[in-house]
Every structure is written in C-alpha cells, then in structure tokens.
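Colleague: Residue strings, one per chain:
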Amino acid sequence: MECVVQGIIETQHVEALEILLQGLCGVHRERLRIHESCLKSSPNLGLVASEVRVLCDLEQPEPTWIVRHIGGAMRGSGAEQISVLVRTMVESKVSKNVLRLFYALGYKLDHELLRVGFAFHFQRGASITVTVSSVNKMLKLHATDEAVPVTPGIQLVEVTAPASSENYSEVAAAVSSFCEYLAPLLHLSKPGTSTGVVPTAAAAAASLMSDAGVTT
Amino acid sequence: MLTEVSQCAESINGVKEGRWKATLTFYKPMFRDQAVPAEYPRDFLGISLPEQPNRYYFIIRSQKIVLEADSSIQMIMEKLQSYKSRVSLTFEGFQYQLGDFQLRVGKVAPSASENLRGIVLEVEYLPLSSMEKSRQILDGFVEIWQEAMSKRSLPGHFMHIEPNFAEFGLSDHYTSQHTAVQYATVMAQLISAVQTAQAVRN
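Going down the list, the sequences are from chains A and B. The opening residue of the first sequence carries number 1 in the numbering used here; numbering runs sequentially from there. The opening residue of the second sequence carries number 1001 in the numbering used here; numbering runs sequentially from there.
Rather than coming from a laboratory, the hints here were simulated on the basis of the structure. Note that the Cβ used here is the ideal one computed from N, Cα and C, for glycine as well. No false leads were mixed into what you were given.
Okay, derived cross-link-like pairs now, EDC-like style, lysine to aspartate or glutamate, Cα gap no bigger than 20 Å in a straight line:
#: 1; chain 1: B; residue 1: Lys-1028; chain 2: A; residue 2: Glu-51
#: 2; chain 1: A; residue 1: Lys-96; chain 2: B; residue 2: Asp-1172
#: 3; chain 1: B; residue 1: Lys-1084; chain 2: B; residue 2: Asp-1033
Cβ-to-Cβ under 8 Å is the rule here; a few derived chain B residues that face chain A:
#: 4; residue: Asp-1033
#: 5; residue: Ile-1060
#: 6; residue: Met-1075
#: 7; residue: Tyr-1083
Here are the computed distance ranges between Cβ atoms for each label pair:
#: 8; chain 1: A; residue 1: Pro-191; chain 2: B; residue 2: Glu-1017; range: 47 to 53 Å
#: 9; chain 1: A; residue 1: Gly-71; chain 2: B; residue 2: Ala-1166; range: 37 to 43 Å
#: 10; chain 1: A; residue 1: Asp-110; chain 2: B; residue 2: Asp-1172; range: 34 to 40 Å
#: 11; chain 1: A; residue 1: Leu-109; chain 2: B; residue 2: Lys-1151; range: 53 to 59 Å
#: 12; chain 1: A; residue 1: His-121; chain 2: B; residue 2: Met-1159; range: 47 to 53 Å
Chain A on its own, in the form it takes in the complex:
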C-alpha cells in the first residue's frame, strides 16, 4: 500500500524547488533516470485484464530492475476525506530478463517512458520520497538515448510514502503536512485531479533563489 500525491511545476522553477526540498529534507538528492515499461496482458489472458510496470534504474553502475503492480485506490467516504490517494502497491526487485519473462507469459508493451530528474528520500512522520522528473517518450523502441519530453517545460512532482492498512491515516497526514511546505511553488493533489501550476510559483521561486544567493 502507498500514499501518493502529484503535481506539476515549470522547469524554470525546478532549481528553486530543489533548494526548498534540500532545506526541508536535510538529505542529499539522488539522481533519477528510470526507464519505465508498462505491460498489459494479451486479450483473453487472465480472469481480468492486467497491467504491470517494469522499471529499470539506469542511474546505477549496473542497471537494476523492479516489477511494480499498482492496484485499486481506496474508495468510500473515508477515502474522500483524505487529501492523498491511498492505493495498493506491490513491488519486487528482479533480475535483468524480466521483460523477456513477461513477454513469454503473454504480456505486451503498451507504452514506455523515461523519467529523468532527482529524488529525495527522508523521514518526516513517515518514510517519504519526493521525485521531480521530466517525463520523456522514446521515438524508437527502448531508445532511451533518444527520448524527448512529453510536456516540454513542465516537470512532474510526486510525493509517495509506503503505508499499511494499520497506519495509512498517519502516513497520509504526514504526507499532507509535508506538502503544505511546497504550496507556494506547486499544488499537490491525488493523481488524476491536477490543478495545474500555481500562480505564486514565480514569486516563490525568485524568493528562494534570492535567499540561496543564486542569480539567474
């Protein structure tokens, strides 16, 4: 299970966001270069259609692989009252021929993306990860060196935290609380309910850069 919120920010303000995150998280950022392949089951395979994501971390000296299954989101009045999305999520580290296995099992590549950016992992009431990345599409199959941004000038910000059925309320509260610090720069909400860029972003970014002694 995990708690998730997302938002978008203009690329020109990413440096300011990084300065803010560095101050809030107290840890060093990690570079991010993830090749994400979304696989879907062939027609008729499975009791229901299914989807699985294969992530390859290209930032490591030797690429590492993860399989991730994202399940349904929590529903009902309780879920509506929470400002973050709570959904089932299971992932597993795997060896490198995972794509070959899933293709052999009858899964097909639906789409692939390359996420390039950075991430902060820290503890603040919960184990929180903030990723800031440009989402890029590949013009040729698996050609990660020839990827182009899906939305030039805009980057995706995701805040996630692992949770369980026992503690998701506390984790959701910790994520919500943290997101308030980012409000001047961007608005974070449940995936699928984006509110666009915030009007205060430019002023907030300028202030942050000025405080940090960065001239643009």
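Use these hints to put chain B onto chain A, whose structure you have.
Modeller: Chain B in isolation, oriented as in the chain A frame:
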C-alpha cells in the same frame, strides 16, 4: 527409501546438520474465454530455495528463461490473476556436511500428499563457485556416492543431467539461479521417468 539414502550419507561420514525444504509450483494460464486457442507456456514454474528465503525464482524451461525476484513477486502474480498455481511439489529432507561438501537428501512429493514421486540429492562443493574448476571434484564425489549406494538394496539409481546453463544466460560462476534451473530440470526428468514407467505398465 529416504531413510536408506540418508543412512548412505551417514555411512560416508556425513554429519547431519538439520532439515531443508524447497518448493516447486506449476503455474497455468487463466483465460476469460476457454474456447479461444492460445499459445502460452505450459512449463512456467516457480521455485523457492532454502538458502534464499526472501527470493523466488521463475523458470520457463522451454524458452530457457530464469528470473530471480524478491518473494513479493508471488503476491504480484496473485494480483495479476493471469497465472494461477496449479500444483506444488515439495523437496524436503536432511542436510549433511562432508568435509568441503554439503549434501541435501530429500523426498519429492506433492505438497498436499505424502505420495512419494522420487528422491533428490543435491551436492555442493563449498570452496569454489566456478563450475568448470569444481567439475572434476564433484564427479569424484558422485563416484564415491554411487559406490556407497550400490551396496544398498534400493530400486532405481541417481541420475544427473546437467542443464545447459549458458542457454539460460548463466555464466560459469554458480548462483542460486543455477540451482533453480537444476530443480526445473530434475522435475522434467522425474515427469519423464514417471511417464515412461506408466507407458511400460500399460
């Protein structure tokens, strides 16, 4: 029969260390419309090994694919509902130390019954990870083992068919993925032997 084989290990000065268990699961594809023909692997196996309690191994032997994963991959497969566990077999028995060799002797039976399907012997030469470098030593051990076994009145005999690990993309450096491939090969061997025996009886 397992007792006899275990006693054989003790007769060549094997020191019993405890019990061990591995599980092999056959997965079958699930279809929404049974009438629609489909080409999906019928030899998709999952294996858990005693030396890697947090890992799980998938093998499609016909396509020479082996995958090592965290054991949470089983939960992912359950959630996908595209493949279901059809039958599980358990390999379990006793582990012995003989100098630099580790020996595992076990019975093979369906997880839900005690119906013995075979006896498995696993020999590991601990000082070396290179299969080429340890081949002669292991062959020597197997000769000693077969001689010790010949003195006992047991039906059948141990057979070893070494898989072509390179076809699975595996190198000379031995890993748990090699072990998983060997278990899949042993399973195929066992099925073949049972089918041959049934054909002879018929």
